[in-house]
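If you're matching them up, the sequences are chains A and P in order.
Take the first sequence: its position 81, counted from the start at 1, is 81 in this note's numbering, and no numbers get skipped.
Take the second sequence: its position 76, counted from the start at 1, is 76 in this note's numbering, and no numbers get skipped.
Rather than coming from a laboratory, the hints here were simulated on the basis of the structure.
Errors might be hidden in some of the hints.
[Stated by the list, open to error] To give an idea of the chain P side of the interface with chain A (calculated C-beta under 10 Å), a few residues:
# : residue
1 : ASN62
2 : TYR64
3 : GLY109
[Stated by the list, open to error] Calculated Cβ distances over 12 Å to all of chain P for the following chain A residues:
#  : residue
4  : GLY16
5  : ALA19
6  : LYS22
7  : GLN60
8  : ILE62
9  : ALA63
10 : ASN67
11 : SER74
12 : GLU83
13 : VAL109
14 : PRO111
C-beta atoms are modelled at their ideal positions from N, C-alpha and C, and glycine is treated no differently.
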Amino acid sequence: GENVEQHPSTLSVQEGDSAVIKCTYSDSASNYFPWYKQELGKRPQLIIDIRSNVGEKKDQRIAVTLNKTAKHFSLHITETQPEDSAVYFCAARGGSYIPTFGRGTSLIVHP
Amino acid sequence: NAGVTQTPKFRILKIGQSMTLQCTQDMNHNYMYWYRQDPGMGLKLIYYSVGAGITDKGEVPNGYNVSRSTTEDFPLRLELAAPSQTSVYFCASSWGSRRVGTGNTIYFGEGSWLTVV
Numbered sequence: 001g002e003n004v005e006q007h008p009s010t011l012s013v014q015e016g017d018s019a020v021i022k023c024t025y026s027d028s029a030s031n032y033f034p035w036y037k038q039e040l041g042k043r044p045q046l047i048i049d050i051r052s053n054v055g056e057k058k059d060q061r062i063a064v065t066l067n068k069t070a071k072h073f074s075l076h077i078t079e080t081q082p083e084d085s086a087v088y089f090c091a092a093r094g095g096s097y098i099p100t101f102g103r104g105t106s107l108i109v110h111p
Numbered sequence: 001n002a003g004v005t006q007t008p009k010f011r012i013l014k015i016g017q018s019m020t021l022q023c024t025q026d027m028n029h030n031y032m033y034w035y036r037q038d039p040g041m042g043l044k045l046i047y048y049s050v051g052a053g054i055t056d057k058g059e060v061p062n063g064y065n066v067s068r069s070t071t072e073d074f075p076l077r078l079e080l081a082a083p084s085q086t087s088v089y090f091c092a093s094s095w096g097s098r099r100v101g102t103g104n105t106i107y108f109g110e111g112s113w114l115t116v117v
């Protein structure tokens with residue numbers, strides 16, 4: 001089955017800095033890679049996703065890049081703000097349509 | 001659209017008791033999932049269903065059972081509750097097809113906080 005590794009487990013940045021979270025996956029058949037944000041005590045919510053036929057996708061301050069050859073994808077957040085503080089999960093979904101989640105990254109943005 | 005609705009939101013169980021977490025979705029999704037999330041940890045898949053009448057085990061199915069008699073409902077049953085089942089439980093749903101647009105998005109319920117004492 002699919003295996004998704006996510007790093008780092010904790011990321012601490014100053015407000016205004018950029019943050020990068022990286023994930024690797026094992027199943028070359030995976031074709032859909034969503035990122036979820038989970039605020040404390042809340043449900044995970046989709047913030048951005050990318051399909052395997054695209055190398056990069058941007059949405060305002062967040063972007064995701066995908067390297068299919070190396071089987072890794074990354075989340076980039078620019079100009080971080082305190083409200084970006086949350087746990088971020090990557091996921092990979094292959095032919096079974098059952099997503100496999102990474103272990104999560106706790107992002108802390110210091111004012 | 002209410003999305004994914006799960007109940008109860010909070011529950012305290014005694015060791016050995018049983019209970020059912022209810023989950024319903026109104027988006028006509030074919031795929032539904034149950035995850036558990038321990039404090040500071042990621043999401044672990046308990047069971048999933050690809051359609052009415054079809055269920056399958058995920059990563060951590062022991063101590064749980066599910067059924068999927070309709071497209072909308074996917075209840076999770078805890079038998080003989082144990083302290084190790086203290087966790088937050090999330091029900092979720094999605095389309096399980098190559099549907100374009102936002103069809104691949106997984107929608108989560110608000111979560112059910114369960115404590116076994």
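Now for the hints, and whether the structure bears them out:
1. Taken as an interface hint, P/ASN62 does not check out: its beta carbon lies about 18 Å from the nearest beta carbon of chain A, beyond 10 Å.
2. Interface restraint check: P/TYR64 against chain A, minimum CB-CB distance 17 Å, threshold 10 Å, status violated.
3. Hint on P/GLY109 holds. Least Cβ distance to chain A is approximately 7 Å, under the 10 Å limit.
4. The claim that A/GLY16 lies off the interface holds: its Cβ sits roughly 27 Å from the closest Cβ of chain P, which is beyond the 12 Å cut-off.
5. The Cβ of A/ALA19 sits about 19 Å from the closest Cβ of chain P, beyond the 12 Å cut-off, so the non-interface label holds.
6. For A/LYS22, the non-interface assignment is confirmed: its Cβ lies about 15 Å from the closest Cβ of chain P, beyond the 12 Å cut-off.
7. No beta-carbon of chain P comes within 12 Å of the beta-carbon of A/GLN60; the shortest separation is about 17 Å.
8. For A/ILE62, the requirement that its beta carbon stay farther than 12 Å from each beta carbon of chain P is met, with the minimum near 16 Å.
9. The Cβ of A/ALA63 sits about 18 Å from the closest Cβ of chain P, beyond the 12 Å cut-off, so the non-interface label holds.
10. Annotated as non-interface, A/ASN67 keeps its C-beta farther than 12 Å from every C-beta of chain P; the closest such distance is 20 Å.
11. At the 12 Å boundary, the C-beta of A/SER74 stays outside the reach of chain P, the nearest C-beta of that chain being 18 Å off.
12. Once the 12 Å rule is applied to beta carbons, A/GLU83 is consistent with being away from chain P; the minimum gap is 20 Å.
13. No beta-carbon of chain P comes within 12 Å of the beta-carbon of A/VAL109; the shortest separation is about 18 Å.
14. Here A/PRO111 stays apart from chain P, with its beta-carbon at least about 23 Å from theirs, past the 12 Å limit.
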